[in-house]
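Input sequences plus hints: build the corresponding full structure.
Residues in the sequence shown are numbered consecutively from 613, following the numbering used here.
Just so you know, the hints here were simulated from the structure itself, not pulled from any lab data. Take the hints with a grain of salt, since some may be wrong.
With a Cα cut of at most 30 Å, we get these calculated BS3-like pairs of lysine-lysine [unchecked claim]:
id, residue 1, residue 2
1, K867, K857
2, K857, K823
3, K867, K854
4, K735, K650
5, K823, K854
6, K867, K823
What you are looking at is a predicted structure, and each value in this text was computed from that prediction instead of being measured.
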Amino acid sequence: METGHMPEADTATPPRSPRILVADDQEDVLVAIELLLKSEGIVPDFAQSPTDVVRAVEAHPYDLLLLDMNYGGDTTSGAEGLALLSRIQQHDRTLPVVLMTAWGNVDLAVEAMRGGGSDFILKPWDNQKLIETIHRNLARRLSRFHLALESEVHEAQRIQRRLLPAELPRLAGCELHGSWHPAAGVGGDYYDAIRLGESRVAFSIADVSGKGLPAALLMANVQAAVRALAPALESAAEVCAKANKVVFGNTPSEKFVTFFYGLLDVTTGRMQYSNAGHPPPVVVRSDGSTLRLPEGGRVLGLFNDVEYHEGAVVLNAGDRVVLYTDGITEAEDAAGQEFGEGRLIDLLLRNRNCPAGQIHGVLLDAVRLHAGRLEDDATLLTVSMGQTPFSL
613 METGHMPEAD TATPPRSPRI LVADDQEDVL VAIELLLKSE GIVPDFAQSP
663 TDVVRAVEAH PYDLLLLDMN YGGDTTSGAE GLALLSRIQQ HDRTLPVVLM
713 TAWGNVDLAV EAMRGGGSDF ILKPWDNQKL IETIHRNLAR RLSRFHLALE
763 SEVHEAQRIQ RRLLPAELPR LAGCELHGSW HPAAGVGGDY YDAIRLGESR
813 VAFSIADVSG KGLPAALLMA NVQAAVRALA PALESAAEVC AKANKVVFGN
863 TPSEKFVTFF YGLLDVTTGR MQYSNAGHPP PVVVRSDGST LRLPEGGRVL
913 GLFNDVEYHE GAVVLNAGDR VVLYTDGITE AEDAAGQEFG EGRLIDLLLR
963 NRNCPAGQIH GVLLDAVRLH AGRLEDDATL LTVSMGQTPF SL
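Below is the structure:
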């Protein structure tokens, strides 16, 4: 089985304007800090009591909390602020908390930092120092955000790669090769092949709408459904119909999946298939003729009850079926021109005698040469019949 190199994980970009909560019971302090933060392009939220602070932090994902240590019940010791800091830490230990007080001392500062505070500012504050403190803590927050997200993406990559077949079935007289190249850290494409006895194999390819983790989750759901259905159902159309019900019942209304499912009997070369809105695979004959495989029905997931039709084709020695996702044909060059199905078919014909294990590299190199890089997930699956004397 061919495997593609994983690109570096893309990380999401947090909002341009960070969300900051300013907690203080003095109106003039809130007004002064609001003006200062607005000069930095930041529009803060406000809370004037410990209860309001807790409610706000529990309701919204803030990037930083600027927290006064003293409120109406205690104006000098900072005990209210320390208790409030403890409650905030119980809710979110990652939230940077910059503490402010007019009654500061070394012992209070040490105790506050041990309690989870990120920084300590004395009132009256120096504007420049306060702004520098805020930006420094926001930068730390951003750094932790990227590190945590990168870790999550790498873990998702590992899980998703494990869902792909580690090795495709080996049957006498038939070769299968697959490759998966997500544009981002994780993607919505998948391929699979399942051996059904000594001479039969089921294979599929799918493309989930959207990208990233939501698409990957839906892809995993589709794969699990197909793996459960394939051994029990003799009809490709019936597999599509059952998979459609699973996807419809487990996805939002705007999500859908293009899907192709084939069943091949290697001894006879007869392949039955059903295409659920997927780019029609190409049959490349050894004599240089081609055939598309469009028969089927709607994409999976948009409607609950969908009737799928079934097509059939006989594959002879030297014939090859090439299944692909639209990340191949829709890859654009600098001028916005797509690689297109015409280029794909021409390339397949010119390389129809290329060894089965090399055709993926030929195709992907051509797409990258055209587009520079893959902007969408790109997945290939080839089914090659028989043994022929190969020549390049």
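Hint check:
Between K867 and K857 the alpha-carbon distance is near 13 Å, which keeps this suggested pair within the 30 Å criterion. For a cut-off of 30 Å, the pair hint linking K857 to K823 stands: about 22 Å separates their Cα positions. The straight-line distance between the Cα atoms of K867 and K854 is roughly 17 Å, inside the 30 Å bound, and the hint therefore holds. Proposed proximity of K735 and K650 is supported: the alpha carbons are some 20 Å apart, at most 30 Å.
Between K823 and K854, the direct Cα distance comes to roughly 24 Å. Compliance with the 30 Å bound is thereby established for this hinted pair. Taking the CA atoms of K867 and K823, the gap is about 11 Å. The hint holds against a cut of 30 Å.
When held up to the earlier numbered hints, the structure conflicts with none and fits them all.
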